[in-house]
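K.L.:
Using the sequences provided together with the hints, build the complete structure.
Heads up: the sequence shown begins at 1 in UniProt numbering, then just goes up one per residue.
Hints are computed from structural coordinates only; laboratory data are not their basis. All values reported here derive from a predicted model rather than from experimental measurement. Heads up, some of the hints might be wrong.
Said to hold, decoys possible - Ranges between beta-carbon positions, derived for each pair:
hint, residue 1, residue 2, range
1, LEU299, ASN233, 24 to 32 Å
2, ALA188, PRO98, 41 to 49 Å
3, GLY213, LEU299, 23 to 31 Å
4, GLU55, ASP212, 21 to 29 Å
5, GLN60, GLY213, 26 to 34 Å
6, LEU114, ALA176, 17 to 25 Å
7, LEU299, ASN229, 38 to 46 Å
8, HIS219, ALA304, 14 to 22 Å
9, GLY213, THR315, 18 to 26 Å
10, HIS219, ASN142, 23 to 31 Å
11, THR174, HIS219, 33 to 41 Å
12, LEU114, ASN306, 28 to 36 Å
Beta carbons: idealized from backbone N, C-alpha and C, even for Gly.
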Amino acid sequence: MARKLSALFMLLLLCVTAPVASAQPTNVIFFIGDGMAPAQVEAAGMFAGGPMSFESFANQGVVTTYSANSSVTDSAAAGTALATGVKVNNGVISMAYPGDGSDLQTLLEHFQGLGRSTGLVTTTYMTHATPAAFGAHEPSRNNLSQIAGDYLNQTQPNVLLGGGGNGMLPAAATGAGYTVVTDAAGLAGLDTEATTYVSGQFGSSHLPYEYDGLGALPHLSEMTTTALNILDNNAGGFFLMVEGGRIDHAGHNNDIQRNIRETVEFSNAVQEAIDWATGRTDTLIVVTADHETGGLTVLADNGAGNAPTVSWSTTGHTATNVPVYAWGVNAALISPVMDNTDFWEVMTVPEPASMGLLALASLALLKRRRR
1 MARKLSALFM LLLLCVTAPV ASAQPTNVIF FIGDGMAPAQ VEAAGMFAGG
51 PMSFESFANQ GVVTTYSANS SVTDSAAAGT ALATGVKVNN GVISMAYPGD
101 GSDLQTLLEH FQGLGRSTGL VTTTYMTHAT PAAFGAHEPS RNNLSQIAGD
151 YLNQTQPNVL LGGGGNGMLP AAATGAGYTV VTDAAGLAGL DTEATTYVSG
201 QFGSSHLPYE YDGLGALPHL SEMTTTALNI LDNNAGGFFL MVEGGRIDHA
251 GHNNDIQRNI RETVEFSNAV QEAIDWATGR TDTLIVVTAD HETGGLTVLA
301 DNGAGNAPTV SWSTTGHTAT NVPVYAWGVN AALISPVMDN TDFWEVMTVP
351 EPASMGLLAL ASLALLKRRR R
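P.N.:
Set out below in structure tokens:
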């Protein structure tokens, strides 16, 4: 402990006179590959015949994912840690359990408080655990109708694009002031310059797997592009969370064919954000995962266009560390080993006058890691 404190003291001394390049980004695009660990990325790259779009990011690391009450997290607790910087029990959506049960402020709410536009995009149904962690507060991830009510009546993100049903009703969204679209044609037909609130309710549950074809429903990359085109109408900036949710489902089924195609489409969505952000100096893109699913090991590369030979160790989640890749403002704050509670500081650090404040932010990261 004394050695750690001495190192931190030296960091403070070294930093107080140095200028700093970090500042709170104007636009934050947070990609979460549900169930995606390094092996999933590797397998998708073998199938695609090259790396995923985000593997080119200079700032990379790995992330620990344990929850407050388990070494193996679920998506609710992991999503809450990513969204709020606080560990909670499995199954909890952005409320202080353990604790007093109070609502935990999310990144979405933080940026709304700064006048930014906000959005949530997913390939799962909209009230699923990961998007819910950013836009709702519930003691149980299973409170689907209540999560929908939190979206429409409390947090009110500008963009809600994902699978339908499971608490989300077109009439309720319309009544809350949202333009409702139900297929890819409706999404493509939106006037993105004039639309301020949109609820995409595609189908009656999760979107289909890429492997099976989406028919009249949109791809994740298409939803991401539309979300960006709507949110960037706010000159003050925006926060957007995009989830590749069905990577996880294919992992639970130990289905490598569907797993790799979901990861490739997730990479396509990230590429849309890269294309949008290229040339800008006010945007942060972060790509990570909530946990690993399936205990995947890649055994052999069978060439582009073919699924690699793999093995699975479970149909559940594991405690495997997940990757993080970052580009843009504050990307340099990504460290080689992080916890899933650390992203709050990376995305919200205020514009400091000196590196001394950045060192204080580092102290805050250490405190959160002890939770």
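K.L.:
Just to be sure I understand the hint, the distance between the Cβ atoms of GLY213 and THR315 should be within 18 to 26 Å; is that true here?
P.N.:
At roughly 25 Å between Cβ atoms, THR315 and GLY213 fall inside 18 to 26 Å, so the hint holds.
K.L.:
Are LEU114 and ASN306 spaced within 28 to 36 Å by their CB atoms?
P.N.:
For LEU114 and ASN306 the Cβ distance comes to about 47 Å; the hint is violated.
K.L.:
Starting from the range 33 to 41 Å, see whether the pair THR174 and HIS219 falls in it by beta-carbon distance.
P.N.:
With Cβ atoms ~25 Å apart, the hint is violated.
K.L.:
Is the distance from the Cβ of LEU114 to the Cβ of ALA176 consistent with 17 to 25 Å?
P.N.:
The hint (17 to 25 Å, Cβ to Cβ) holds, given that LEU114 and ALA176 are roughly 22 Å apart.
K.L.:
Honestly, do GLU55 and ASP212 meet the 21 to 29 Å range at C-beta?
P.N.:
About 26 Å separates the Cβ atoms of GLU55 and ASP212, which means 21 to 29 Å holds.
K.L.:
Holds or violated: 24 to 32 Å for the Cβ distance of LEU299 and ASN233?
P.N.:
Because 48 Å falls outside the window, the suggested range is violated.
K.L.:
Taking 26 to 34 Å as the hint, is the beta-carbon distance of GLN60 and GLY213 inside that range?
P.N.:
Hint holds: Cβ distance 33 Å, inside 26 to 34 Å.
K.L.:
For the range 38 to 46 Å, tell me whether the beta carbons of LEU299 and ASN229 fit it or not.
P.N.:
holds (41 Å)
K.L.:
At the C-beta level, are HIS219 and ASN142 separated by a distance inside 23 to 31 Å?
P.N.:
holds (28 Å)
K.L.:
Hint says 23 to 31 Å; check whether the CB-CB distance for GLY213 and LEU299 agrees.
P.N.:
Holds, since GLY213 and LEU299 (Cβ atoms, about 28 Å apart) stay within the stated range.
K.L.:
Given a hint of 41 to 49 Å, does the C-beta separation of ALA188 and PRO98 actually sit inside it?
P.N.:
Holds, at about 45 Å.
K.L.:
Range first: 14 to 22 Å. Now tell me if the beta carbons of HIS219 and ALA304 are that far apart.
P.N.:
holds (21 Å)
Comparing the model with each earlier hint shows violations of hints 1, 11, 12; every other hint is respected.
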